[in-house]
Amino acid sequence: MRKATICIFSFIFLSLGILVAQDGHSDNNHSHGTEASHEHHDGDGHDHKEDHSHDAHDGKHDHGAESHNHDDHDHGHDHHGDAHGDNHGDHGHHHHCECGSAHHEYNAGEVAFHHIMDANQFHLFGDYYVPLPCMLKSDDGFKFMLSSSFGNSGHGNGAYAVDRYVMVHGTVMRITDPNFPMGKVEVGCYGHEEKEKDGKVLPHYTVEYKGKCLELHEKSTLDGGVLGGGITSFYDFSITKNVFSMLLAFVIMFFMFTRAAKGYVTRKGMAPKGIQSLLEVVITFIRDEVAVPFLGHKADKFLPYLLSVFFFILGLNLLGQIPFFPGSGNVTGSLSVTAVLAIFTFILTTINGNKHYWEHIVWMPGVPAWVKIILTPVEIMGMFIKPLTLMLRLFANITAGHIVLIIFVSLIFIFGGAPTATEAGTTGGSILGTVMAVPLTMFMMAIELLVAFIQAFVFCILSAAYFSAAVEEAHH
Amino acid sequence: MTGTLAAIGAGLAVLGAGIGIGNIGGKAMEAIARQPEAAGDIRSNMILMAALIEGAALIAIILAFFIK
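Residue numbers (our numbering), protein chains in the order written: chain A, 1 to 476; chain B, 1 to 68.
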């Protein structure tokens, strides 16, 4: 019975995929202009083909730099590369935008990267978005609005600038030009290229307004430039997609747990019922398999934290598994979130550390003095590396899962070779890609379900292990 | 060029972690086969150890990402 259901579902899924793919093919026939280059995906020796098709296009702009651009392209470089630094050299390629926006061919890596980023609006499907509140702070003061006030010009780009703020690919950015008018102003297309600065390749965004390319600032980040961010002209305190997901997880869990807790009062002494029986199993598992073995009689002190962190991570992992609206947020795959969780563990370890713990870090007993000199810096580094790995493990596992899923879904379009999903109004795909993508995606979804539990468990068990090292009594 | 080298480095890190986690898994299976009654303990320790090894590999991968 169960097998039959799975078969039926996969069949429906597969047929839908094929329908989408075929629809895309018929659409391609109507496509024109820059899309002509997609033919190069079909044959081998496509390098030459692509060059030719572009040359035909760029006819009048035929100079050295052009062909160099396309060479770069063929070798699999990101097509936002510095090759497009010359905004005006590529009219044939970007005939509709002055600012070097290069969204013409399907780039699975870029789609995946975009998916794992936080956003100021929630993508439903096509060009439909759930607006989220924006709270922005700049030198001009606070600005509160809904992300829908930016309008929509396709692909998560806003059609208007509101008080110099614009929406680029679902993210709010700010026009740096102080002469730009305040209020709601219609703007043109958005450009995106990568510029090298201090040896790092950083994204550089521009927006077209009255034929000029105006520079955009991304929101301020507190990474001090390590991750390519820094303090810019504005701060973003918005309820973003990730914040929304966290609030949703909070609400869901609040109701689940208060209901379960009430069950213990109203049905005292009786067998658990409903949601209570689901949660009781997990809670006792964390207590008996994680907290007690590591922390012994001190387990009760740390159990609330361990349970909170476990259910928070598990809830958000599972929410992120849902591929559509209320889910799909990559919250536990966001460094900021995992960093905060890891910092909690670090603080709890540090403030609960007893004499024994500090002694083992600063002046390890029972080893010769010259070893102590080497050991102390290593132990002090270890203090910080522990939460660091905690942070990176969760981040990398969840992010990698999301990326792999998107890449598998992208197979449909990669094999279709169509300029899809980045070009408004066209959808393209291939039957071959769909046949491959569907089982691979289902397989990966199942793996990710497992990873969702394992990572929540691992974060919890490692936190417990660090606490246990901090509160352990001397026994020698 | 540095990007390629970073990618090779990340690959090597994963290779090491793969061997490590493979060893843990194999030994854990052996241990469970020898003492099935300790399966629960062995399993949670196995996951813990795998997570620790994974941590080292992840640091290498993240560094490789940022070095380019």
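Hint data in this document are derived by calculation from the structure and do not stem from the laboratory.
Heads up, the beta-carbon is just placed ideally off N, CA and C, and yes, glycines get one too.
Some clues are possibly wrong.
[Claimed, not checked] So these bits of chain B aren't anywhere near chain A, every CB distance computed over 12 Å: (1) PRO36; (2) ARG43; (3) GLU54.
[What the hints assert, rightly or not] Reference listing, derived: stretches of chain A covered by chain B, where coverage requires no fewer than 3 residues with Cβ under 8 Å from a Cβ of chain B: (4) 246-252; (5) 461-473.
[What the hints assert, rightly or not] Short derived list, chain B residues pointing at chain A, Cβ under 8 Å: (6) ILE19; (7) ASN23; (8) GLY25; (9) ILE47; (10) MET49; (11) GLY55; (12) LEU58; (13) ILE61; (14) ILE62.
Coverage claim, chain B over the segment 461-473 of chain A, checked by counting residues with Cβ within 8 Å (three needed): holds (count 3)
Cβ separation check - PRO36(B) to all of chain A, threshold 12 Å: 17 Å, holds
Restraint outcome when ILE61(B) is required to lie within 8 Å of chain A by C-beta distance: 7 Å, holds
Residue hint ILE19(B), partner chain A, criterion CB-CB below 8 Å: 19 Å, violated
Interface hint compliance - ILE47(B) to chain A, C-beta minimum distance less than 8 Å: Nearest chain A Cβ about 6 Å off; hint holds.
Hint check, GLY25(B) versus chain A [nearest Cβ-Cβ separation less than 8 Å]: Because about 13 Å separates GLY25(B) from the closest Cβ in chain A, which is outside the 8 Å limit, the hint is violated.
Whether chain B covers the segment 246-252 of chain A (at least 3 residues having a Cβ closer than 8 Å to its Cβ atoms): violated (count 0)
Verdict on ARG43(B) as a residue remote from chain A, using beta-carbon distances over 12 Å: 9 Å, violated
Hint check: 8 Å Cβ-Cβ cutoff, ILE62(B) to chain A: Hint on ILE62(B): holds, closest Cβ of chain A at ~6 Å, below 8 Å.
Reported absence of GLU54(B) from the contact zone with chain A (all CB gaps over 12 Å): 6 Å, violated
Proposed interface contact between MET49(B) and chain A, which counts if any beta carbon pair is under 8 Å: Interface hint status for MET49(B): violated (11 Å vs cutoff 8 Å).
Agreement of hint GLY55(B) with chain A interface, Cβ distance less than 8 Å: It holds, given that the least Cβ distance between GLY55(B) and chain A is near 3 Å, below 8 Å.
Against the hints set out earlier in the document, violations occur for numbers 2, 3, 4, 6, 7, 8 and 10.
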